[in-house]
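Be aware that the sequence shown starts at 1, since it is given in the UniProt record's numbering, and climbs by one per residue.
No incorrect hints appear here.
Straight-line Cα separation of at most 16 Å, EDC-like style, residue types lysine to aspartate or glutamate; simulated pairs:
| hint | residue 1 | residue 2 |
| --- | --- | --- |
| 1 | 147 | 121 |
| 2 | 135 | 108 |
| 3 | 135 | 105 |
| 4 | 144 | 115 |
| 5 | 59 | 19 |
| 6 | 144 | 121 |
| 7 | 116 | 82 |
| 8 | 59 | 15 |
Simulated restraints on C-beta separations:
| hint | residue 1 | residue 2 | range |
| --- | --- | --- | --- |
| 9 | 38 | 115 | 16 to 22 Å |
| 10 | 2 | 137 | 38 to 44 Å |
| 11 | 2 | 55 | 24 to 30 Å |
| 12 | 86 | 7 | 24 to 30 Å |
No lab work stands behind these hints, which were simulated from the structure alone.
Note that the coordinates shown come from a computational prediction; the quantities given were computed from them, not determined experimentally.
Just so it is clear, CB atoms sit at the ideal spot from N, CA and C, and this is done for glycine as well.
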Amino acid sequence: PDIIVTLIEAGAEIDAQTEQGRTALHELCRSPTLNNETLLAEIACILIDAGANVNQIDKDHFTPLLYAAYHNHPSVVLVLLESHSFINHTDQQGWTALHWAIDRDHVDVVQLLIDKGIRTDIRSHRGELAISRTKSCRIHDIMKHIKRQSLSLVDKSSMQVTSSISMINLEKI
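Hey, can you work out the whole structure from these sequences and the hints?
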């Protein structure tokens, strides 16, 4: 991270873009290595603290969050979400970070996105829900749990409406 700090202090343009429209934060999130999560998260914090745009869209309509989900960087996903990254942003296919994390079987990222409130009902341009990309039993179990919670909330909401209607009808008597 020292070289990053040195470049920033020397006046490097924090959101300079490649021909593909990617910034340093995009490229960091595209890093294929998995054994340096802490370092990646630390550098992401440095870039964001220096003013990097966490919602910058490249030519494929990918934000840093989509790349971090695609490349299985849960620590970076967390940093981005805590820095107000748009959790439900979609790329050119209409895929969210959840679509990519499920498709690539990144269980920790899937769980983190769900814990942080990503919508599970967003359909791609082909009409696919993220859950339709499920390959592993672990992700399938997470999504089943979410579905049960959603149904439970709907049931409670219906009961509240029914009980409110009953109260209104009782008041009329």
